[in-house]
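Q: Chain B: place on chain A using the hints.
Number of protein chains: 2
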Amino acid sequence: MEFMVLALEEAELAAQRGSVPVGAVIVLDDRLLVRAGNEVIRDHDPTAHAEIVAIRRACRLLGQLMLDRCDIYVTLEPCAMCAQALSLARIRRLYFGAYDVKYGGVVHGCRVFEHAIHKPEVISGVSETQCTKILQNFFSGRR
Amino acid sequence: MEFMVLALEEAELAAQRGSVPVGAVIVLDDRLLVRAGNEVIRDHDPTAHAEIVAIRRACRLLGQLMLDRCDIYVTLEPCAMCAQALSLARIRRLYFGAYDVKYGGVVHGCRVFEHAIHKPEVISGVSETQCTKILQNFFSGRR
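As they're listed, the protein sequences go chains A and B.
In terms of numbering that gives the first Met the number 0, the first sequence has 134 at position 135, counting the first letter as 1, and numbering is strictly consecutive.
In terms of numbering that gives the first Met the number 0, the second sequence has 109 at position 110, counting the first letter as 1, and numbering is strictly consecutive.
Any given hint could be a false lead.
Claimed, not checked - Straight-line distance between alpha carbons at most 25 Å, and here's what the computed BS3-like set of lysine-lysine pairs gives:
hint	chain 1	residue 1	chain 2	residue 2
1	B	Lys132	B	Lys101
2	A	Lys101	B	Lys132
3	A	Lys118	B	Lys101
4	A	Lys101	A	Lys118
5	A	Lys101	A	Lys132
6	B	Lys101	B	Lys118
To be clear, the hints were calculated from the coordinates, so they are not data collected in a lab.
Isolated chain A (complex conformation):
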């Protein structure tokens, strides 16, 4: 999945900044619109997950609040904050890689879309092995 390769590159860059390696890419009508990585550590901002950074960039670029012709590729299952943000932005389709048993809010935890007014289509486990590995490498390097 070519867009997930770009999201993985963003995850790698996030790791180099000291943040948990998660990357996201937003695509408009199947063309790359923005790419972003987790910026929590660099920005001292607990809300700067890759998906939030990507949504903000995409909306600023398009000058609109709704991303209803856009899909997002994320290397990790979004948490409840990011899942609700994707719903608020009316993202059409969510592709994610690794599953997050602890913080995930799409197929784990509070399963935000089951209660949300706008429910993006969800395709999970995309390039799961690579997306999981980059996280494992990051956390094993910290021990």
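A: What follows is chain B alone, placed relative to chain A:
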């Protein structure tokens, strides 16, 4: 509740910017730290809810990711995005005013804190009448 009065002032300013009137105030050890209002419309940013704006400002001001000595006063029940952000930021206590049957994610919808690792203490219905009225005025003026 004096801090909710400040949050209501921020909600009023948000309405003047054309955004849904929601305001938030973050308090550190019972002293005002930051105040913020909904900036969704002004910033073309669907994530710029009052709570997210307030958390970002507070973390930037303190130069840290954790707001574990802080409480937040919000005029409306947080949605799932904001509730998870409050959990990620380790906010100690959440005071909110009006209930949000449609978008709320604390005592309605997916009830984020029931699944979250950090669960702020929640005090709901604070100055509920005024907090509800400012929303009703905004939406009735739009019909």
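Q: Indicate, hint by hint, whether the structure satisfies it.
A: Evaluation of the provided hints:
no. : hint                : result
1   : Lys132/B / Lys101/B : holds (17 Å)
2   : Lys101/A / Lys132/B : violated (39 Å)
3   : Lys118/A / Lys101/B : holds (14 Å)
4   : Lys101/A / Lys118/A : holds (22 Å)
5   : Lys101/A / Lys132/A : holds (17 Å)
6   : Lys101/B / Lys118/B : holds (22 Å)
Going through the hint list in order, the structure does not satisfy hint 2, though it satisfies all others.
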